[in-house]
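Residue numbers (my numbering), protein chains in the order written: chain U, 1 to 501; chain D, 1 to 445.
The set of hints was computed from the structure by calculation and includes no laboratory data.
Errors might be hidden in some of the hints.
Some chain D residues well away from chain U (every beta-carbon gap over 12 Å; in silico) [to be verified]:
hint, residue
1, D29
2, T254
3, G342
4, A369
5, A370
Covered stretches of chain D (in silico footprint by chain U; criterion: 3 or more residues with CB under 8 Å from a CB of chain U, positions within the stretch not fixed) [to be verified]:
hint, region
6, 158-166
7, 210-223
8, 360-367
Ideal Cβ positions, reconstructed from N, Cα and C, are used throughout, including at glycine.
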Amino acid sequence: MGVPLYLQPRLEPSLTSLLDAGVFLHSLVDALGSPLNVLLPEQIAENTERFRAVYREHHLAGRVYFAHKANRSSALVRRLAAMDSAATGVDVASLGELRHALACGLTPDRVMATGPKDPEFLWLAARVGATVNLDSRGELDQLVEIVRKYGLSRVDVLLRLSAFESAASSEGVGVRLRSRRSRFGSPAREVSDLLSAVERYRDAVELTGVAYHLDTTAPAEKVRALECCVQVMDECRARGLAPRVVDIGGGFGVGYVADAGQWERYTSALTEAVLGTRPALTWRGHGYGLRNEGGTVRGTAALYPAYRPTAGPGYLDELLSLPTPSLGRPSATLLLEHLYDLYVEPGRALADQCGLSLALVLDVRRTGEVSGSGEYLVRLGMNAGDVSLEEHGVLVDPVLLPRTAAEGSDEESPVGVHLVGNLCLEADLITRRTVFLPRLPRIGDLLAFANTAGYAMDFHAHRAQRQPVARTVAVVREGGSWRWCLDEEYWPITHPGGALS
Amino acid sequence: MRYDSITEAIGNTPLVCIDPAVHGLRHIDLYAKLEMLNPFGSVKDRPAWNMARPLLEAAADGGETVVELSSGNTAKALALLAGMHGLRFKSVTNRMRVPEIKDLLLLLGAEIEELPGQSECLDPTDTDDPLTRFHQALSEPGSAYLHTDQYFNPRNTEAHAAGTGPEIVKDLNGRAPDWFIACVGTAGSSTGVVRVLREHDPEVRVLGLVAHKSDFIPGIRTIDEVHQVGLFDPATYDTIASVSSDEAIDGMMTLIRRCGLLSGPTGGAAYLGAVRHLRVVDAELTDAVPRKSAVFIVCDRAESYLSYVRQRRPELLGTPRRGHSATALTDAEVQAEAQVIGTDDARRWISGGDPRPLVVDLRGPHAYAALHIEGSVNIVDELFDELVRGGLPFSKRQPVLLACPVGEKSARYAALLTRMGHPDVRSLAGGIIAWRDADAPLVRE
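Isolated chain U, as found in the complex (with noise of 0.2 Å):
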């Protein structure tokens, strides 16, 4: 086999001490089935302060916002709650999100509406007075008929632009720097329209600023945005509007591989097993999007990249030292100078450490017709919809905590395996990847998946096969042990298990 192609998984100390309680883990399982999710409200509180020291850093004002979507618990949000309401909120996406976050314990102050909406949702907000951040000219008319019919107080709204790549009059000579489409927000050059709008719907809504929010990792598309939204800001000044707002949405990323060289090198035996100059590394030799046509590799690989040396709080910071492209001071001096607040919506950055995923092992068994032959394939109490690491693309390996501490046996050495799902159907595959185990695990050892409290974690899960949806359980570290509960009993000002702390 060579040298095991570990991918492990970045880990802050209290991922690394929940792990190294595996006698506890079990018995969360053994109580509360496979699978189970495990969420540690601390992390979520000490995240959202490293995104504060970077504003502070650079002097800016404005609140961080937690992107509620990344994440369905109760207990991330309501710790969330009970930090600072003047830095700190959270941003929702749905009618059922709104409800969840005001019942957590957000004043509506601390409240922004995203994406698409329905009136529905669109009403709460304005009724309970929500920041509303709008997708479209359509839903600004929308809102304005709703608060207009109702007869409720003046909303504060946001606009969210798009489409900076045609807008973008500013940039050198000759090159164009080029953005994806994006469904959601307006195109930035038909702001005009939309701020005239606004003016004359000044009973109704209030503009206090402008969002963007770019699918990409690349800094300069997000640089570009940032400096059109400045230039629009202005544009809202002239016409006597007073917005103070700069949203710059989310996309911050995670580090989900700890070492360099792990990621390095397996992505290079991805390219070499595609080319067939090594055994596939994968199930049936699926490629992840590269292609070997006649001995070249095309296509890109599909893969989030999991090894990031600068993501999160450091990737905020590094966009806001950047310049601007035709402005030519750093994001934030831009900001600041213009007296502009910054929001951010980190989602995955903010869950970042937040949690693991728990399965047990059902079965190990090979795959080869005769016995002792073939690949091996390691059944899990779980399906690939509980832990939906694949489905966005993130590589990264499992934790192996045995059900028994030290039982094995000297042969013992790394293996290969598939990690395959409880439903019956051929597809219900964890990974299509071959994982790579410091020993073949045995039934009853849980697997868990560390960090997935962002995306990875309930935001495919489904009842397929009537197969059990995960609980979720909020974990606290008290001295030198670890106390629980369930995710819904969770609040920021009881120890689990009862007395105040």
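Since the structure of chain U is provided, determine the placement of chain D on it from the hints.
Below, chain D alone, put in the same frame as chain U:
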């Protein structure tokens, strides 16, 4: 020498022996093939001309655009060739990573199209990368693109098989060298040259150099990227080794400072990779065997890579500047020495001071134009920094109020100007933001 067209000056580049005192090899003569002396400045002049020639001849109405995936030398050569033929040139690239090259391409009249970055919220079923879409656009009916396709076009390799390779053999008196060393970009030069060398001597050893995976050396691909190159054939190389950008700059500095060769980092990588590899072999050779020879390619020149060097090795570009500098002050010194004044007192000082202070707004001109304190002058911090480096920019009899967004930079400059002997410089505490938050008036231009 007289030519009808500059394209006739492509090729026939010198082969220069490197002084053994520099490389330290005892039994091997090391030669540099100076492709940087081609008229457009690089090894890419040959394939660019060879690939473009038939397309340019066939271009009917002059409305076509030559297009290539290149962020460097191929783009440079093609832009010039397209211009000579009255056509446009477009370079498609992930990112132009060397700003001087970008500026140069714009100067040559190229259009540059930068592809979008990777998606953050990935859709794994969307495996159509931007390049696939680029190829679709090229093959649309009625497309007026002339695609030179350097990573797959056999005329890239041919240019070197017909030119670079035979020239090396001729200059070595009809013999192939024992080693040939090339950086792998499109693989065109190594594949073409090696084909010719092996015809003369099948024993020629070939070292291909790639960049470290997380690193960037202009014109060199990483080990994964070379597999995406249609012209790349692993059988061309006996050894593939990787070099770092740091090593490339080391090699480049040796060529520049000791050999009189104005090489860029790609040539530097080839030199360093060659010496690193050959040193091991050289140690095993004795005087008994005939002397060996090795040839490496100097791809292009140094001038376009000054920012690349500055980013990685600023010390090579001299010492920090002298003069008064606000950054030299510690936070404690700023706090102790800067005189600060709150918004209310500042307003009184501005309206009733005798003499009234000059208000200097240190923010950018765009922000200043949008909103500022009435009567203030705008000297953006970068410019102010230049001014104070040389001395006090205002009379000591003129009181000054400095303003910046939050009062941090202005305090720093107030401390510095005080040190420089100005008796009454004050910093607006909390800056323009505190001023606004106190509802003090701001005006627009």
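Here is what the structure says about each hint:
| no. | hint | in the structure |
| --- | --- | --- |
| 1 | D29 | holds (35 Å) |
| 2 | T254 | holds (28 Å) |
| 3 | G342 | holds (18 Å) |
| 4 | A369 | violated (8 Å) |
| 5 | A370 | violated (6 Å) |
| 6 | 158-166 | violated (count 0) |
| 7 | 210-223 | holds (count 3) |
| 8 | 360-367 | holds (count 4) |
Violation of the numbered hints given earlier is confined to hints 4, 5, 6; the remaining hints are satisfied by the structure.
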